[in-house]
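Could you slot chain B onto chain A? The hints should help.
2 protein chains.
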Amino acid sequence: MTDSQAILKGDRLALARLLTKVENDSPEGRAALIELFPHTGRAHLIGVTGAPGTGKSSLVNQLALHYRKTEDRRVAIVAVDPSSPFTGGAVLGDRVRMRDLSGDPNVFIRSMASRGSLGGLAQATANMVQIFDAAGFDIIMIETVGAGQSEVDIARLAHTTLVVEAPGLGDDIQAIKAGILEIADILVVNKADRPGVENTEKALKSMLELAHPTERVFKHHGTYMSVSVPKPTTNAKLWIPPIQRTISIEGTGIPELAESIAKHVEHLRQSGDWALRERTRLEVEVEALIRDSLMTRFHEDVSSKKYEEVLEKVVQRNISPWEAVKMLLNGRLK
Amino acid sequence: MTDSQAILKGDRLALARLLTKVENDSPEGRAALIELFPHTGRAHLIGVTGAPGTGKSSLVNQLALHYRKTEDRRVAIVAVDPSSPFTGGAVLGDRVRMRDLSGDPNVFIRSMASRGSLGGLAQATANMVQIFDAAGFDIIMIETVGAGQSEVDIARLAHTTLVVEAPGLGDDIQAIKAGILEIADILVVNKADRPGVENTEKALKSMLELAHPTERVFKHHGTYMSVSVPKPTTNAKLWIPPIQRTISIEGTGIPELAESIAKHVEHLRQSGDWALRERTRLEVEVEALIRDSLMTRFHEDVSSKKYEEVLEKVVQRNISPWEAVKMLLNGRLK
Chain A
16 MTDSQAILKG
26 DRLALARLLT
36 KVENDSPEGR
46 AALIELFPHT
56 GRAHLIGVTG
66 APGTGKSSLV
76 NQLALHYRKT
86 EDRRVAIVAV
96 DPSSPFTGGA
106 VLGDRVRMRD
116 LSGDPNVFIR
126 SMASRGSLGG
136 LAQATANMVQ
146 IFDAAGFDII
156 MIETVGAGQS
166 EVDIARLAHT
176 TLVVEAPGLG
186 DDIQAIKAGI
196 LEIADILVVN
206 KADRPGVENT
216 EKALKSMLEL
226 AHPTERVFKH
236 HGTYMSVSVP
246 KPTTNAKLWI
256 PPIQRTISIE
266 GTGIPELAES
276 IAKHVEHLRQ
286 SGDWALRERT
296 RLEVEVEALI
306 RDSLMTRFHE
316 DVSSKKYEEV
326 LEKVVQRNIS
336 PWEAVKMLLN
346 GRLK
Chain B
16 MTDSQAILKG
26 DRLALARLLT
36 KVENDSPEGR
46 AALIELFPHT
56 GRAHLIGVTG
66 APGTGKSSLV
76 NQLALHYRKT
86 EDRRVAIVAV
96 DPSSPFTGGA
106 VLGDRVRMRD
116 LSGDPNVFIR
126 SMASRGSLGG
136 LAQATANMVQ
146 IFDAAGFDII
156 MIETVGAGQS
166 EVDIARLAHT
176 TLVVEAPGLG
186 DDIQAIKAGI
196 LEIADILVVN
206 KADRPGVENT
216 EKALKSMLEL
226 AHPTERVFKH
236 HGTYMSVSVP
246 KPTTNAKLWI
256 PPIQRTISIE
266 GTGIPELAES
276 IAKHVEHLRQ
286 SGDWALRERT
296 RLEVEVEALI
306 RDSLMTRFHE
316 DVSSKKYEEV
326 LEKVVQRNIS
336 PWEAVKMLLN
346 GRLK
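If you're matching them up, the sequences are chains A and B in order.
Residue numbering for the first sequence follows the numbering used here, starting at 16 and increasing by one per position.
Residue numbering for the second sequence follows the numbering used here, starting at 16 and increasing by one per position.
Careful: at least some of the hints might be erroneous.
The list treats identical chains as interchangeable, and a pair is accepted whether it falls inside one copy or across any two copies.
Said to hold, decoys possible - Okay, derived cross-link-like pairs now, DSS-like style, lysine-lysine, Cα gap no bigger than 30 Å in a straight line:
| no. | residue 1 | residue 2 |
| --- | --- | --- |
| 1 | 341 | 24 |
| 2 | 321 | 24 |
| 3 | 320 | 36 |
| 4 | 24 | 84 |
| 5 | 328 | 24 |
| 6 | 36 | 341 |
| 7 | 328 | 36 |
| 8 | 24 | 320 |
| 9 | 220 | 278 |
| 10 | 341 | 321 |
| 11 | 84 | 278 |
| 12 | 328 | 341 |
| 13 | 217 | 278 |
| 14 | 24 | 36 |
| 15 | 320 | 341 |
| 16 | 320 | 217 |
What the hints contain is simulated information worked out from the structure, not anything from laboratory work.
Bound conformation, chain A alone (with noise of 0.2 Å):
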């Protein structure tokens, strides 16, 4: 019996194993991934991500045991941290959810550190989501630490995204969220018995107003400064991100804002988006495969001691990144 078999069976030790293979690319992690693929688009994937101190590993720690004790679904969490590109970092939080969650059968966290590319990370972690899935987990949380792309990226993946905040972490620390405000589908204040949670929930609030502008808007202090907005994106949506208040080390609020997952869910249904959420994963996955087999077939190609010698003519000046592109590829696929 392959691995592949066997995780359709149930079996935790061998999807331990088959994740450790599609986490380090291997050809039977590949195979696995072909072969379980049929298996796929059963499962909710939720995005989970904020900033370092707003106790997101509690709150997802959190939800795992509610969906367990409540609703009996079978829980996966891969969580993921690309601040740390080189010595992995990917065990913060890990002892706080082995509390709880340890010995039941029915839950598996994955930790993951960052690969040498963001691209990497985002294609892993999305393998990663797959074999889950096909191996039954109902619920499949994604978590990632920070506000930066690679986050964004990663959000990409899921269908309903959370965004975690919490009250005193610093005012620029909120200016910095407004971006990430907009792949929110639910916007979480955690830690809401600290002093500060109206104000925080109101700078929520009225940053959500603000991540949908209805005018371009540019700016030009002065004469030697130029800013430049990119175009907002089309989508027009109809769900509201609702803002839910949590104390996740005590368990409050949990239900509400599973209930609030639960709804956006249905809307998901409803409208629509679950399957263009879906379409657009799988279009992003399949351009990031054909990216990675483009350049391993360029490498292939191209001899290095070519590809050495075109490049010293760039280091030397004589010619530029971009005739050195035209020389490499010239006469080769037309």
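The following block gives chain B in isolation, referenced to the frame of chain A:
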């Protein structure tokens, strides 16, 4: 006279115009990059990264002032905010900067919000930097917010990378930095008049030691948890990152920081690392351009009808993404 020629003569309006063209990846922008490339390779690129709240922008401001006043060097600042992928939050800190630097014709500040993809952002930043380099700016500071992969990618552009910390930002913010420490050439403890500065410095020192572990550690917490640690890069550094205290708001420690930066440049020149970093940077750029070109050609070659058909099969779970890629690339580019 083309914009490129005007820029070489110091025309600031042409510079502003061209930066926009380059940021928008327009044909004129590309042509100018090719034309100007032989004039690049002279500037010192300084990356400045750190979490929100560390006073990074004001530090960059003060460093720029220092280079203007004491060394009469021309300074460009590229402020990148990858945390704001949609609405453009790159205006943070601009107000602070303007007060002291506006009106100085030898300072040019450009804020940049994130593009659609991270690759695009790093590429756009690299292109901006090339334009500033060709335009004769001696020092180009690339400021990024946060501690994610995007910052790492952008920091790879720089010759010298400063990682900025501040006391009192919370415990787990410290932990989160373990990864980014490895890209630091100089560590800055800003807001050094705050309580807790000794602790922050102590934490940084011990993390510096941890950041270059001699053995690879695997952890396995309990049965249902697996943690993977990526291989550390084998980049033996002779340079030990110094820790500099600053109070940027009042300029304290700035001359000492500038001295550290100068020492790092000396180290890069003497060790041959300067040439190595230049080469790596240009190689990354060439690779990115090849990737883009191959994808563009692919989408020109494959009809959107065929592409949609294959994608639909994936969405229907009839074929896996891997099989889709094989189908799309089959018979092409051997």
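Here is how each hint holds up against the structure:
1. 341 x 24: Classified as between; 29 Å across copies, 51 Å inside a copy.
2. 321 x 24: neither (50 Å within a copy, 36 Å between copies)
3. 320 x 36: neither (32 Å within a copy, 35 Å between copies)
4. 24 x 84: within (23 Å within a copy, 71 Å between copies)
5. 328 x 24: For residue 328 and residue 24, the Cα distance is within 30 Å only across copies (26 Å; inside one copy 56 Å).
6. 36 x 341: between (37 Å within a copy, 21 Å between copies)
7. 328 x 36: Intra 39 Å, inter 26 Å, cutoff 30 Å: inter-copy only.
8. 24 x 320: neither (49 Å within a copy, 38 Å between copies)
9. 220 x 278: Within one copy only: 20 Å inside a chain, 48 Å across chains, cut-off 30 Å.
10. 341 x 321: For residue 341 and residue 321, the Cα distance is within 30 Å both inside one copy (13 Å) and across copies (27 Å).
11. 84 x 278: within (19 Å within a copy, 59 Å between copies)
12. 328 x 341: Answer is within; shortest intra-copy Cα gap is 13 Å, inter-copy 34 Å.
13. 217 x 278: within (23 Å within a copy, 48 Å between copies)
14. 24 x 36: For residue 24 and residue 36, only the intra-copy Cα distance (19 Å) is at most 30 Å; the inter-copy one is 56 Å.
15. 320 x 341: both (17 Å within a copy, 28 Å between copies)
16. 320 x 217: neither (60 Å within a copy, 47 Å between copies)
Checked against the numbered hints above, the structure breaks hints 2, 3, 8 and 16 and satisfies the rest.
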